[in-house]
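Order-wise, the sequence lines are chains D and W. By the count of my numbering, the first sequence reaches residue 347 at its end, each step adding exactly one. By the count of my numbering, the second sequence reaches residue 347 at its end, each step adding exactly one.
None of these hints come from the bench; they were simulated from the model. Among the clues, some could well be false.
As the list claims (entries may be wrong) - Pair by pair, the computed Cβ-Cβ distance ranges are:
id, chain 1, residue 1, chain 2, residue 2, range
1, W, Ala73, D, Leu75, 26 to 32 Å
2, D, Gln312, W, Leu292, 43 to 49 Å
3, W, Leu292, D, Asp17, 49 to 55 Å
4, W, Phe250, D, Phe129, 32 to 38 Å
5, W, Phe250, D, Tyr295, 18 to 24 Å
6, W, Lys19, D, Glu297, 55 to 61 Å
7, D, Thr265, W, Gly158, 52 to 58 Å
8, D, Cys27, W, Gly182, 43 to 49 Å
9, W, Leu292, D, Phe129, 47 to 53 Å
10, D, Ser218, W, Thr118, 34 to 40 Å
11, W, Glu196, D, Met105, 50 to 56 Å
12, D, Phe250, W, His305, 50 to 56 Å
What the hints assert, rightly or not - Here's a subset of chain W near chain D, in silico, CB distances under 8 Å, partners left out:
id, residue
13, Arg44
14, Gly285
15, Asp290
Don't be surprised by glycine CBs; every beta carbon is placed ideally from N, CA and C.
Protein chains: 2
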Amino acid sequence: MEVMNRYVTIKTQINGDPKESDFEIKCSSIVVSAQPGSNDVVLRNLYVSIDPYQINRLKTHSSSQNTSSYATAILPGEVIDAYGVAKVVASGNPEFEKDDLVVGMINWGEYSVLKGETYMLRKLDTMGFPLSHHVGIFAFSGLTAYAGLFEVGKPKKGEKVFVSAAAGSIGHLVGQYAKQFGCYVVGCAGSKEKVELLKEKLGFDDAFNYKDESDLKSTLKKYFPNGIDIYFDNVGAEMLEAAVANMNTFGRIAACGVISEYTDTNKRAAPNMLDIVYKRIMMRGFLAADFLNIYPEFLSATVDHIRTGVFQTLEDISIGLESIPQAFLGLFHGSNVGKKMVKLSDD
Amino acid sequence: MEVMNRYVTIKTQINGDPKESDFEIKCSSIVVSAQPGSNDVVLRNLYVSIDPYQINRLKTHSSSQNTSSYATAILPGEVIDAYGVAKVVASGNPEFEKDDLVVGMINWGEYSVLKGETYMLRKLDTMGFPLSHHVGIFAFSGLTAYAGLFEVGKPKKGEKVFVSAAAGSIGHLVGQYAKQFGCYVVGCAGSKEKVELLKEKLGFDDAFNYKDESDLKSTLKKYFPNGIDIYFDNVGAEMLEAAVANMNTFGRIAACGVISEYTDTNKRAAPNMLDIVYKRIMMRGFLAADFLNIYPEFLSATVDHIRTGVFQTLEDISIGLESIPQAFLGLFHGSNVGKKMVKLSDD
Chain D
1 MEVMNRYVTI KTQINGDPKE SDFEIKCSSI VVSAQPGSND VVLRNLYVSI DPYQINRLKT
61 HSSSQNTSSY ATAILPGEVI DAYGVAKVVA SGNPEFEKDD LVVGMINWGE YSVLKGETYM
121 LRKLDTMGFP LSHHVGIFAF SGLTAYAGLF EVGKPKKGEK VFVSAAAGSI GHLVGQYAKQ
181 FGCYVVGCAG SKEKVELLKE KLGFDDAFNY KDESDLKSTL KKYFPNGIDI YFDNVGAEML
241 EAAVANMNTF GRIAACGVIS EYTDTNKRAA PNMLDIVYKR IMMRGFLAAD FLNIYPEFLS
301 ATVDHIRTGV FQTLEDISIG LESIPQAFLG LFHGSNVGKK MVKLSDD
Chain W
1 MEVMNRYVTI KTQINGDPKE SDFEIKCSSI VVSAQPGSND VVLRNLYVSI DPYQINRLKT
61 HSSSQNTSSY ATAILPGEVI DAYGVAKVVA SGNPEFEKDD LVVGMINWGE YSVLKGETYM
121 LRKLDTMGFP LSHHVGIFAF SGLTAYAGLF EVGKPKKGEK VFVSAAAGSI GHLVGQYAKQ
181 FGCYVVGCAG SKEKVELLKE KLGFDDAFNY KDESDLKSTL KKYFPNGIDI YFDNVGAEML
241 EAAVANMNTF GRIAACGVIS EYTDTNKRAA PNMLDIVYKR IMMRGFLAAD FLNIYPEFLS
301 ATVDHIRTGV FQTLEDISIG LESIPQAFLG LFHGSNVGKK MVKLSDD
């Protein structure tokens, strides 16, 4: 059987801040069947993840493009890979059967056709949770928060943790893990509403709107009179510089993302290296994919908290394929609250 | 007995590049005796260390001045602390006797008068080596090189190591440790002669004069076509940026010093944070003082190599108290080859 598959792609490689006109919806016919023994699978996509890092695969140029598959260029007209949840509609792979729910690397389209020896996909055990949780907290957002805080940041009880983009997909979880572990946590976000959310709903000790602040170094000094022990960095640039200036001796920086630098190649953090040396600061870039070995530990540390309501997971879900470009653009203007994703189909 | 003690001090806190006129030699009378049981010691200084980091205690302002004793301000007229070797001329401390050779924190003067509960001083066992070695390789220069490479850089055999200021007090040792461990080592320095020295005498696999290069990123690409695994950073600024751009996945940066930024507060490294994240680079500031626990291991890993001539230690010794300011200024213009120190007295 042939069906028409609609998918989002770029018209041209993105230069600077992404615009709606950089994207288009294309249509191609796909065959909904798989040769037995071929390993091919065809999926109907249900939920797809919308992530800031994806810009680095869609840009004109990135110095990192050659160094990591996370930054391999996607060309105009090509399908855009994305993490998500899908349902198997045809399978040549004995691991998957028709109507199985699966989770892994699918794409910003109505269907995914996965071919070849390997692809990143596994059967989904929903554990009774909404499918969206398997795109957000139980997927890379959660693992990134958990691994970044515990494996990179290595907190001790009572330490002071600062989280930027704290109402974002990862930040809102970092803060909750840190609080629950026994740290003092302050987050920053880009609106009054987000700041309230962090303090009232997510249990952050304090939070501030960075857009209201003109001198971030002084701002952090105010929120951390005794210094920062761990900075979970999602943004880079001026906030990273201000955090380094306010860090304590033997402070750790978990460098998770650099959203403020993704769309502006001229924007660069220039942290004071004298501080790095004298305060023996450790800064480490990381990707959740390097911590798949602790996925079971992460999951067991998380599931009960979600079930019992100790943890709040924020999801920001748009509906329909057409909403993908706008959902993506919004990431760079702080439109999302929590994990951004798009629901493509009920079934 | 009273004697006149001449010592070097600053006339005014240093702003920018240090100048000879920032310094003066002062004279004060000191009492060469110590009350028994007082813990005081009076030393005749024999060799004193001349180190770049000392500028950070002599400057008008440093953001790090409040965060570490390594950066505590020294005021005009005050004695300037420095590591060195001395001879005890009077002691109230039962640990030390007249004529003992000692090593530790003394100062840029003819005599040191150490008072109070604690000071950093120990009896020196020369092990048959020249006294100068106990200011250089067997002191912080050696420990910094050893700890920075092995404890921070954590090399694996065959990995590629880049060292900046490679003909400096620490760099020339880092390269030899790394070579001896089985790494591929390239150093950079600021003159043709230093480059020759690195390649011919110290066994570096390769070396270059950074002053001959206009595009450091391309230069490093040429010397490390397969990327850098460990960067031992003594300089900061553009070289750090170029190194980050050329680092391999899971690369490590041992941030030891930032000499190019010490005298110019506007000069700042702005490494590409996308590289830090995507390549999972770890950058860690460190000070040798944090690794005193491995001093015995460091010493046993070093002594035989010096005795058998496997390791070369470079010392650059000026003579007499009057030479201290010039010796110090020279550090910021690459005048020294290896460990800079000043010999104050034969006895």
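Hint by hint, here is what the structure shows:
Range check, Ala73(W) to Leu75(D): Cβ separation about 57 Å, and the 26 to 32 Å hint is violated. The given range of 43 to 49 Å is respected by Gln312(D) and Leu292(W), whose C-beta atoms sit roughly 46 Å from each other. Between Leu292(W) and Asp17(D) the beta carbon distance is about 51 Å. The supplied range of 49 to 55 Å therefore holds. One distance hint, 32 to 38 Å for the beta-carbon pair Phe250(W) and Phe129(D), holds here, with the actual separation near 34 Å.
At roughly 20 Å, the beta carbons of Phe250(W) and Tyr295(D) sit within the given window of 18 to 24 Å. At about 58 Å, the CB distance of Lys19(W) to Glu297(D) agrees with the hint of 55 to 61 Å. A hinted range of 52 to 58 Å for the beta carbons of Thr265(D) and Gly158(W) is inconsistent with their spacing of about 34 Å. Checked against the hint of 43 to 49 Å, the pair Cys27(D) and Gly182(W) fails, with Cβ atoms roughly 57 Å apart.
Between Leu292(W) and Phe129(D) the beta carbons are some 51 Å apart, a value that agrees with the proposed interval 47 to 53 Å. Remark: the range hint 34 to 40 Å for Ser218(D) to Thr118(W) is upheld by a beta-carbon distance near 36 Å. Between Glu196(W) and Met105(D), the C-beta spacing of about 52 Å keeps the proposed range 50 to 56 Å intact. Separated by about 31 Å at the C-beta atoms, Phe250(D) and His305(W) break the suggested range of 50 to 56 Å.
The interface hint given for Arg44(W) is violated, since its Cβ lies 32 Å from the closest Cβ of chain D, which is over the 8 Å cut-off. Interface restraint check: Gly285(W) against chain D, minimum CB-CB distance 4 Å, threshold 8 Å, status holds. The beta carbon of Asp290(W) comes within 7 Å of a beta carbon in chain D, closer than 8 Å, and the hint placing it at the interface holds.
Checked against the numbered hints given earlier, the structure breaks hints 1, 7, 8, 12, 13 and satisfies all the rest.
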